[in-house]
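As you go down the protein sequences, you meet chains A and B in turn.
Position 86 (the first sequence) corresponds to 163 in the numbering used here; numbering is contiguous.
Position 126 (the second sequence) corresponds to 203 in the numbering used here; numbering is contiguous.
Do not rely on the hints blindly, as some may be mistaken.
Unchecked claim - In the SDA-like style, the derived pairs of lysine to any residue whose C-alpha atoms are separated by at most 20 Å in a straight line are: (1) B:199 x B:143; (2) B:153 x B:181; (3) A:307 x A:239; (4) A:95 x B:95; (5) B:119 x B:219; (6) A:217 x B:89; (7) A:157 x A:109; (8) A:92 x A:140; (9) A:301 x A:320; (10) B:99 x B:122; (11) B:85 x A:220; (12) A:85 x A:214; (13) B:99 x A:98; (14) B:217 x A:238; (15) A:301 x A:285; (16) B:217 x A:301; (17) A:92 x B:220; (18) B:97 x A:100; (19) B:235 x A:219; (20) B:93 x A:219; (21) B:301 x B:288; (22) A:217 x B:219; (23) B:92 x A:220; (24) A:88 x B:220; (25) B:188 x A:196; (26) B:329 x B:239.
The set of hints was computed from the structure by calculation and includes no laboratory data.
One-letter residues, chain by chain:
Protein chains: 2
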Amino acid sequence: MKFIKSIKILKDELKKLKLKGKSIGFVPTMGALHNGHLALIKEARKENDIVVVSIFVNPTQFGPNEDYLRYPRPFKEDVKKCKEAEVDYIFAPDVETMYPDDYLTFVKVEKLSDILCGAFRKNHFRGVATVVLKLFNIVKPDIAYFGLKDYQQFIIIKKMIEDLNLDIKIKGVPTVRDLDGVALSSRNTYLSKEEREEATLLYKSLLGAKDLILNGERNIKKIKKFIYKKLTSGKIIKKKNIDYISIVHPEKLEELKYIEKEAVIALAVWVGKARLIDNIKIKI
Amino acid sequence: MKFIKSIKILKDELKKLKLKGKSIGFVPTMGALHNGHLALIKEARKENDIVVVSIFVNPTQFGPNEDYLRYPRPFKEDVKKCKEAEVDYIFAPDVETMYPDDYLTFVKVEKLSDILCGAFRKNHFRGVATVVLKLFNIVKPDIAYFGLKDYQQFIIIKKMIEDLNLDIKIKGVPTVRDLDGVALSSRNTYLSKEEREEATLLYKSLLGAKDLILNGERNIKKIKKFIYKKLTSGKIIKKKNIDYISIVHPEKLEELKYIEKEAVIALAVWVGKARLIDNIKIKI
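Go ahead and model the full structure; you've got the sequences and the hints to work with.
What follows is the structure in structure tokens.
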């Protein structure tokens, strides 16, 4: 496994491999790797000759009052995990390498970036799209892997690839959960023991809503009310902690008025200092 | 010469050529080709194995009250000129090919896009950057050629290439002028005979200002006043017709307070129905 910080060196290495006909699988991450990331890497390892993992805590996707500085950076452990997962290249550039002082260019997928989490995190998805486009241009992967836990991010990147005519396949990999059902997230480390227990309510409410729908309920208001009640059935999560409970079209992400065939139920909930998101796809 | 409307077909053709080691020179245009475009093509022809010219009147770079619909589209003549200039591929996609109904993604080079022409043409440079990025992703050129008449556009695209880590060289080709000094522009066709005569005042004022500076004048106010007087010395151009007279840093495009070593003087002036731009670089 090679560890590279320079854009030019990575480009040169990968160019040689591409000329030899090697396929490149790419897993962009912000580090603090957990089994969710490892599922992406495993998939990439299975489907490509070369696996590149980027580790870069991207400042442009954090708001001024968000957790950029305290975001976990367990770098040694990340490197060890990549090695064990047979990653070929870790790309871990410095902030100044990705964003020199005079940096000015941003890409934004309109509409999709301003709803759901985007309504609460201004410029977040603009930052995500920008850094991912830069990483795509540096790595030039055949396939890029994203976790479906960040469902809106997955849809936005997919749309960006299509709109900007990039020759990249995107694969969404199912959310990995702990035994208690909590979706793996680098931000789970912010949770106390009690908060962690409370965090199980997100997935429980999603599973409950799924049951409700599969048993015939179609009234969006009633389904949302059910989720709300479940979410606030513990001791910590209150109304003010819920950023949104949304039932949306799986591609357009528009709020549905009724559920026809498919829907995604998505949640964003503050539990202590952690803003947790989760979602579930419903097919009828 | 091949004429291609499909993104996929062009990509496939160029991919084969790239695999054979051919270099690709790219000249993006909106058609209505004049000797300025032909100078770009000539340069591309000299420096590359394959020359691709795109002809696409890009709707996203026109404002709602601008000349998108009446922009000249002399398609047959354009094709003939390309043939004579030994172009290998004309890429002329339909609007729906470049911007399907559900199109959402835009790229913007901040700051640089909001000054000079950008202050008068909201979203213009966002549209330019977006279409050029899409074309770059489709053609994947080694070198792209842009006219220095559109100086701000050249600087913005150059910055986008750098910021987004694209592997493309950009070359700025000097403005081509008619015998009367008027910079060639597809919009010159909007001018009546009298307006055309008046249009010569743009370059005359720039040359006069250059002389002034090279003779020692450093006072920005005085230089601008000189240009203003020259521009309005005819019968048609009035104060209200001048969008701006700017003396800027050649890369940052910031208004200069004094001229140290280099400067670009840039003008945008309405003459009849045509918004004309011109510029001159000064080196001391």
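**OP:** Could you work out which earlier hints the structure fails to respect and list their numbers in ascending sequence?
**Re:** The structure conflicts with hints 2, 3, 8, 16, 19, 25, although it agrees with all the remaining ones.
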